[in-house]
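Chemist: One letter stands for each residue in the lines below.
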Amino acid sequence: MPRNNALKDRLDELFSHITGSEQVSIAQEAPKNRPRRQTSKYLSDNINRDGRFQISAGNGANGLSYENSFSVEVDNSTTVGSLDLQNFRVDLNAESSLVDSAFRENQGLVGVILCDKDIIQGIISRRKFYEHLGKQFGVSIFLKRPILVMLESIQTKALTVPATCAIAETVRLALDRPTDQIFEPVLVEFAAGDASLLDIYTLLLAQTKLLAALQQQIVKDNAELEQRVQSRSAELLKVNANLELQIFERRLAEERLQVRLRYEKTLNQCAAVLLTSGESHGIIQKTLTYLISAVEVSRVFVLETIAGSDSHPDLRLRNQVYATNLSPIPEQLSFFSVEELGAWLRILWSGKPITSQISDAAPDESALLEKFGITSILLIPIGQVGNWIGVIGFGETKTERIWDDYDIQLLYTVAQMLYAYLERRQSALELARAHDKAVKANLFKSELLAKVSHELRTPLGAVLGYTQLLHYGSYGDLTNEQKSIAQVVIDSTKYLATLVNGILDQAQLDKGQLVINKAPFQVREMVKEVENRMRFLAENKGLEFIVIVEPSTPNEITGDRVRIEQILTNLLGNAIKFTEEGYVKLRIASPSNAILLFEVSDTGVGIPEKEHSRIFDPFTQVDGSLTRRHDGTGLGLSITKQLIEMMKGLITLNSQVGKGSTFTVEIPL
Amino acid sequence: MDNKFALIIEDNPMLSNIFARALRDINYETEIIPDGKLALDRLLIHAPDLLLLDMHLPNVSGREILEAIYEDQRFENTYIVIVTADARMGEMLVDKANFLLNKPVDIIQFQQLAERLKNNHQKTPQQSRMKNSKTEN
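So the protein sequences, as listed, match chains A and B. Each step along the first sequence adds one to the number in my numbering, with nothing skipped, and position 100 is 100. Each step along the second sequence adds one to the number in my numbering, with nothing skipped, and position 90 is 90.
Hints are computed from structural coordinates only; laboratory data are not their basis. These figures come from a predicted structure and were not determined experimentally. A couple of the hints might just be wrong.
If you anchor each label on the Cβ, the simulated ranges turn out as follows [unchecked claim]:
id, chain 1, residue 1, chain 2, residue 2, range
1, B, Asp95, A, Glu539, 36 to 44 angstroms
2, A, Val549, B, Asn77, 25 to 33 angstroms
3, B, Asp2, A, Tyr583, 36 to 44 angstroms
4, B, Glu71, A, Arg524, 32 to 40 angstroms
5, B, Glu71, A, Phe536, 37 to 45 angstroms
6, B, Ala68, A, Thr558, 27 to 35 angstroms
7, B, Glu71, A, Asn555, 34 to 42 angstroms
8, B, Glu71, A, Leu443, 33 to 41 angstroms
9, B, Asp2, A, Ile546, 24 to 32 angstroms
10, B, Pro58, A, Val549, 26 to 34 angstroms
11, B, Asn119, A, Ile546, 23 to 31 angstroms
12, A, Val515, B, Asp35, 32 to 40 angstroms
13, B, Asn119, A, Val439, 52 to 60 angstroms
Backbone N, C-alpha and C define an ideal beta-carbon position, used for all residues, glycine too.
Whole structure, please, built from the sequences with the hints as guidance.
Modeler: Have a look at this one:
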């Protein structure tokens, strides 16, 4: 039965809203004390069983009943017109006071049927009745008046259904109205224009329940809304708290950042004075001053180790700075024995910091702190394992400051820089002392060499002179053997003489006594003199001696004539010495205005490539030994090169074994 | 032709003896004076053809002697040869002499110099200042 099912569903839905306090029960036999909440189930059960049920009115819940209670069978096809309504009858002509008294007399009576000459005009509930009365405040309702006119007078939009409409369908139509019209009466039209008011109690209940449900819904909605508002508020509160926390944290971070920046700046300042400045005075004091202003602490001080026992030296106050409201740590408190510092030193000498507050320091430590008037101390060792040279510390005199990582890190880094500075200063002092000693020793050596070589000349002159006299027969002819032995003495003495000359020159170079004296001189004249002297030597040896003065050569230059002559003499002397046949050539030119160029070339033995770089070192000859065949100290080229370099000039060599050598000298003008 | 006259001012007897003998061997007249003051007195009496002048002398130094005579007209034809162990001093004074010999002196070279001087009589000191700087030989 789809229709029954639809009805059942609809009623179920309807009654599902019903809770509560209405004094009406709908039951087959008006059962007593049936729990109201089961009504819907009961009703649907009954419909399911036989499709019929009864409506009875009376105060079943309170166990009361009254004469005019009614009982009527209703089924799906029951119409208003078919109801037996004798017991609820109110004549339409009756005055409203009669209706009122009918309700008053029957407390359980919830509605009356309005009749006109035994024809049902409508059903009106007690509530509706009084509502109408109330709306008509102070005005009697004349029920004789046609219902439509009456309803119109109170501006009511009734639902009109035909008298043939089933009650269940009427309920449905009534409930399907918009919520603002759901309380309006329902009119049953028996004939066109002949409408009667219908007010079935269940309908009213349904409406009431629906209202209650709506109200409940509204309450619920309100509650939800309230809850949402509350939770939203809570959320907002939470967000706000978070924000405040974030702001706080950010401010904290900013403060820490400020501290860090200040510390970094201080580190840079300390590094500048300790590591890079050339200053030697007040460096440590300056460093401590930077620290005290950055860390904002009462005292900053440096203790240095002094000889105590070997492994644990005592400490003495070396430097200190202090807040302006404090006075310095006095002299008599500036010494600390190993015993006094006790456990602190063992920690410090393992490279760890001491952070101590007076309230939780060991008794001997707190005595030490009190000695200073310090309430909170941070100590960092200066040095490295095996070489601890002191301690640097912060001291707070009033508060018990908790030293944070920044403080410790800053002091550690400064301690390391301080160590580097002190070590550097120490080694610089040692270096300076060693340097002084070396300079003195070198000066002494140079002076000794100068003196010795000077003093050697006179006896050498005697040996050379007498032997030469002997050799050429001034004292009578010698045998060939005697002559050759005399020659050996002569050669050896000459070699010794050049050795002495070289040593003297080198000594002068070492002493810095050899200086370049610049003065204007005539180049060609100087060359001529050198030529005169060297031509004589070369031609004695059977060599061709060539001098080319290029036109580019200036007439006059400013330079050290004596040294330039010495250079040319040395180079030409070497060329003549190492050349057995062929020529020795001197070429002078000025390839640019800024350079005077000398080129000394020969057709001598030449110099192997690998020796080119060594040839200018002192005491070097090509074969690495001082040979008798080519006498010379080996100092000649070394001194020549040093002289040229003193003139900011350059000497280069181009040579191959067997193909001669060319030395090129360039001297800036 | 008369022999040339050489005055040897040198306080070391061995060296003065060697110079004198070497010069005599090439026909120079020689006289040795071992004292600066005596040498100055002697020079005032007679200007030699060749003056061999040591720098380190007792009483008056060779340098002072040189200062005294180098611009003196009477010594215009005197060929002045400085002999010194101190190369630096020699370099300083070489402009005021004709030739510089560093000790130890190569006698053969010295004789060759003196021999050339003998043949080259007209040469004035100022025109031919040559100095024998340190050579490697």
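Chemist: Look at each hint and say if it fits the structure.
Modeler: Each hint, compared with the structure:
1. B:Asp95 - A:Glu539: 36 to 44 angstroms: Because 27 angstroms falls outside the window, the suggested range is violated.
2. A:Val549 - B:Asn77: 25 to 33 angstroms: Given range 25 to 33 angstroms: holds, Cβ gap about 31 angstroms.
3. B:Asp2 - A:Tyr583: 36 to 44 angstroms: Given range 36 to 44 angstroms: holds, Cβ gap about 41 angstroms.
4. B:Glu71 - A:Arg524: 32 to 40 angstroms: Given range 32 to 40 angstroms: violated, Cβ gap about 26 angstroms.
5. B:Glu71 - A:Phe536: 37 to 45 angstroms: Hint violated: Cβ distance 29 angstroms, outside 37 to 45 angstroms.
6. B:Ala68 - A:Thr558: 27 to 35 angstroms: holds (32 angstroms)
7. B:Glu71 - A:Asn555: 34 to 42 angstroms: Between Glu71 (chain B) and Asn555 (chain A), where Cβ atoms are some 27 angstroms apart, the hint is violated.
8. B:Glu71 - A:Leu443: 33 to 41 angstroms: holds (39 angstroms)
9. B:Asp2 - A:Ile546: 24 to 32 angstroms: With Cβ atoms ~40 angstroms apart, the hint is violated.
10. B:Pro58 - A:Val549: 26 to 34 angstroms: Since Pro58 (chain B) and Val549 (chain A) have Cβ atoms about 46 angstroms apart, the given range 26 to 34 angstroms is violated.
11. B:Asn119 - A:Ile546: 23 to 31 angstroms: Hint holds: Cβ distance 26 angstroms, inside 23 to 31 angstroms.
12. A:Val515 - B:Asp35: 32 to 40 angstroms: About 34 angstroms separates the Cβ atoms of Val515 (chain A) and Asp35 (chain B), which means 32 to 40 angstroms holds.
13. B:Asn119 - A:Val439: 52 to 60 angstroms: Check passed, 53 angstroms falls within 52 to 60 angstroms.
Consistency note: the structure conflicts with the earlier hints numbered 1, 4, 5, 7, 9, 10.
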